Amino acid sequence: MNELTNLSTTVLVDKVSKSFGEFTAVNSLSLEVRPGRIFGLLGPNGAGKTTTIRMIVNITAPDTGQIKIFGQTITPELQDRIGYLPEERGLYKKMKIGEQLKFFAELKNVKGKEAERRIDQWLMKLGLSEWKLKKSMELSKGMQQKIQFITAVLHEPDLVILDEPFSGLDPVNVKLLKGIVLELKASGKTIIFSTHQMEVAEEICDDICLINRSRKVLEGSIREVKGSFSRNSVALRFEGDQGVLNDPALVADIKRNADEIVVLLSEGASAQLLLKRLIESGAVVGKFEMIEPSLNDIFIAKVTETV
Amino acid sequence: MTKFLAIVKREYIQRVRTKLFLFMTILGPVMLMVFTVVPGMLMAVKTEDTRLAVLDQTEGAKLFPVVRDSLMKAGRSSDQSPKAEMVNAVNDTNQQRMEKAGQRFTGGFFVTAVDARSRPLEDLKRELNAKVGGGQLEGYLIIPPDILKNSESKPIYFARNLSDLPSQGQIERALNDAVRRERLTAAGVSAEALERLSKRVDLDVYPVNEKGEEGARRSGMGGFILPFMVAFLIYITVLLYGQVVLGAVVEEKETRIAEILFSSVKSSTLMLGKLIGVSLVALTQLGIWAIAFGALSVGLLQSGGVEDIGVHLPSVFFVYLFIYFALGYFIYATLYVLIGSMVTTTQEGGQVAMPIIFLLMAGLYLAFPVMRSPNSSFAIWISMVPLFSPIVMLVRIVTQTPPLWQIALSMVICAGSIVLLLWLASRVYRVGMLMYGKKATIPEVMRWVRQA
Chain C
379 MNELTNLSTT
389 VLVDKVSKSF
399 GEFTAVNSLS
409 LEVRPGRIFG
419 LLGPNGAGKT
429 TTIRMIVNIT
439 APDTGQIKIF
449 GQTITPELQD
459 RIGYLPEERG
469 LYKKMKIGEQ
479 LKFFAELKNV
489 KGKEAERRID
499 QWLMKLGLSE
509 WKLKKSMELS
519 KGMQQKIQFI
529 TAVLHEPDLV
539 ILDEPFSGLD
549 PVNVKLLKGI
559 VLELKASGKT
569 IIFSTHQMEV
579 AEEICDDICL
589 INRSRKVLEG
599 SIREVKGSFS
609 RNSVALRFEG
619 DQGVLNDPAL
629 VADIKRNADE
639 IVVLLSEGAS
649 AQLLLKRLIE
659 SGAVVGKFEM
669 IEPSLNDIFI
679 AKVTETV
Chain B
190 MTKFLAIVKR
200 EYIQRVRTKL
210 FLFMTILGPV
220 MLMVFTVVPG
230 MLMAVKTEDT
240 RLAVLDQTEG
250 AKLFPVVRDS
260 LMKAGRSSDQ
270 SPKAEMVNAV
280 NDTNQQRMEK
290 AGQRFTGGFF
300 VTAVDARSRP
310 LEDLKRELNA
320 KVGGGQLEGY
330 LIIPPDILKN
340 SESKPIYFAR
350 NLSDLPSQGQ
360 IERALNDAVR
370 RERLTAAGVS
380 AEALERLSKR
390 VDLDVYPVNE
400 KGEEGARRSG
410 MGGFILPFMV
420 AFLIYITVLL
430 YGQVVLGAVV
440 EEKETRIAEI
450 LFSSVKSSTL
460 MLGKLIGVSL
470 VALTQLGIWA
480 IAFGALSVGL
490 LQSGGVEDIG
500 VHLPSVFFVY
510 LFIYFALGYF
520 IYATLYVLIG
530 SMVTTTQEGG
540 QVAMPIIFLL
550 MAGLYLAFPV
560 MRSPNSSFAI
570 WISMVPLFSP
580 IVMLVRIVTQ
590 TPPLWQIALS
600 MVICAGSIVL
610 LLWLASRVYR
620 VGMLMYGKKA
630 TIPEVMRWVR
640 QA
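Line by line, the protein sequences give chains C and B. In the working numbering, each residue carries its 1-based index in the first sequence increased by 378. In the working numbering, each residue carries its 1-based index in the second sequence increased by 189.
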């Protein structure tokens, strides 16, 4: 049974801890990344996301606990099956883009004509073909970021780890890369996606793990996570007396947006009761909608809760 | 292996292709010429003759003509063609070589006599001082009347410039010769006997090897010069390429590529790849220089007819020469790798790396006492210290070949140190690169080594 779970798990992190001197970066963290899914590793700055990823790609070793990739302990050969786009990223300034990509391909054991073919293919896909013979210092920051993205996927790895891949990109390029990430998933690749931008994570992740202050706070599929948070907010638009909203037994908090009011219901109060009271008060209701908590709300709630 | 070669290739091609490399390859030898030949030429250049007045107070002013002749002849002796002089320079004995070098630093003299009896000494001195002050004379010499009889008596030289030591030395020598000759003549030695008796004696030198066999007569110069040439070669290569090695190691930290690299290769592969890549660049450049220099000297040899440059060494020595050059270069280069792994920027690394050059120079200085007693326990210990052994052991091999086990041991220690330094550097690098922009302290580095 245990072996079976190992086989069906792309990345298994088992009670892993890592400290730097006095500072504990990761504390007894366990997580499982299932094949063919997009796994969101979420958390505020300094939560331990990058350290966790560095241990997965074998840049640093855990102090305690163990990590298995494709069911095995990491080896240099396994590293070739991983593509990694770190948050701290750079390119050789004076090297031509084509040569640079070839170098990174060779570091992953992709050589010769095959490497050339894939480089041309990817440059075309990201609209950078005409930059192949330019030095990277001549490229804009966004273009460089796309080149770095190519280095992470050029060798067709089974596991792609992207640390804040969209930060600093314009919406058009974010959309382009998002599309590619989804394509990778469709072709059976497993993706670990680390970010603190919850909107993006909500859009593309299948599973998430939220870590804060070196510990895991929350995990599961997006649906499970959202489902575990009760639906207790209502978006409202109405004309009439607003006195009803001042009843603390009914409403815990009010947020006024431009064209709607978001109401957080008090404990024990139901949306049905709110609607009934509003109609009784003679209000004309234009909008009444139960809202799901966004991942952002959950994130903020969880992170502030653990402080 | 693919990964290692990819790193070597990148380091090599990216560096050899730069304009700086081309520029240095062409300019390097030119600069070397400028720094070695030009100062010598400048020293040799003495634009005008030294105008010297001699006030000879001895009876009949007997010393003046002898002093004048020897001074004015010395200055004009170099009427040989430069080529002939070069050939001679190679075939001369050490003593002759020294003398020639001395002559080259001095110019000619124009010597005039001052009649000592015409006027009182005070008047003459005032007049001569005025001439020296006014620039009509460079200096004047007063020879006391009792110099031939009184050994305590001293001649006096007056001049504006007392820093022209080579010229003063020449005056002193001419005067000494003259005085000695006159004193001996006065003691009844004939001119012919004088010539015969004062002939110089030169030492002939023959080597004896460890089996007690005599070798052919030779000069010690070749054995003296070769280890220093190797030391100089190591010095130049480390000086030129140490910083490049350091820069190569720091590069990924500055460009923040290190993290991508480490998700693909082991840090030891990366370090070794970088070291080898840069070293191949150095080898390429030295190779180009060696070929150019070789072609030039073959040309010179053919036209100049220099047959014997005084180097008589067994061919195995040249194998040692190559091995110790390689060991010497790599041990210092890996020191730069280690420093590169600790620092975050090239500038910072440059400062930290300063003492390496001093270590290299220390090796050179240590070679002198070793040359004089190559089998002392001091020499044996020093030749086992990896930082010094490439130079010191070569000196020992040339001067008085030590037992083979000592040579082998020093090589093993050297090679072992290189491996150790690389291993240390790759551990420090691996942990250190995760701390962007933070300068490491020594205790921190020690912890990284244990942590990695």
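There could be a bad hint or two in this list.
[Claimed, not checked] Computed spacing ranges between beta-carbons, pair by pair:
#	chain 1	residue 1	chain 2	residue 2	range
1	B	Q540	C	T451	57 to 63 Å
2	C	M515	B	F567	53 to 59 Å
3	B	K208	C	A679	57 to 63 Å
4	B	P544	C	S507	37 to 43 Å
5	C	T451	B	R445	24 to 30 Å
6	B	I425	C	T451	43 to 49 Å
7	C	Q575	B	Q540	37 to 43 Å
8	C	S507	B	M418	19 to 25 Å
9	C	T451	B	V508	42 to 48 Å
10	C	F398	B	K208	26 to 32 Å
11	B	Y554	C	G490	40 to 46 Å
12	C	G424	B	F511	49 to 55 Å
Source of the hints: derived by calculation from the structure; they are not laboratory data. Small disclaimer: the values here were computed from a predicted structure and weren't measured. A virtual CB, placed ideally from N, CA and C, is assigned to each residue, including glycine.
Taking the hints in turn, this is what the structure says about them:
1. For Q540(B) and T451(C), the hinted distance range of 57 to 63 Å is not satisfied, since their beta carbons lie about 41 Å from each other.
2. The hint said 53 to 59 Å for the Cβ distance between M515(C) and F567(B), and at roughly 54 Å that hint holds.
3. Distance hint for K208(B) and A679(C): a CB-CB separation of about 59 Å, consistent with the stated range 57 to 63 Å.
4. Taking 37 to 43 Å as the suggested C-beta distance range, the pair P544(B) and S507(C) does not conform, at roughly 50 Å.
5. Between T451(C) and R445(B) the C-beta distance comes to about 28 Å, which sits within the given range of 24 to 30 Å.
6. Between I425(B) and T451(C) the CB atoms are about 48 Å apart, so this pair conforms to the stated range of 43 to 49 Å.
7. For Q575(C) and Q540(B), the hinted distance range of 37 to 43 Å is satisfied, since their beta carbons lie about 41 Å from each other.
8. Checking the proposed 19 to 25 Å range against S507(C) and M418(B) shows it is violated: the Cβ atoms sit about 54 Å from each other.
9. At roughly 46 Å, the beta-carbon separation of T451(C) and V508(B) lies within the given 42 to 48 Å, and the hint holds.
10. The hinted range of 26 to 32 Å is not satisfied by F398(C) and K208(B), whose Cβ atoms lie roughly 42 Å apart.
11. Take Y554(B) and G490(C): their Cβ atoms lie about 52 Å apart, and the range 40 to 46 Å is violated.
12. At about 54 Å, the beta-carbon gap between G424(C) and F511(B) stays in the expected band of 49 to 55 Å.
Going through the hint list in order, the structure does not satisfy hints 1, 4, 8, 10 and 11.
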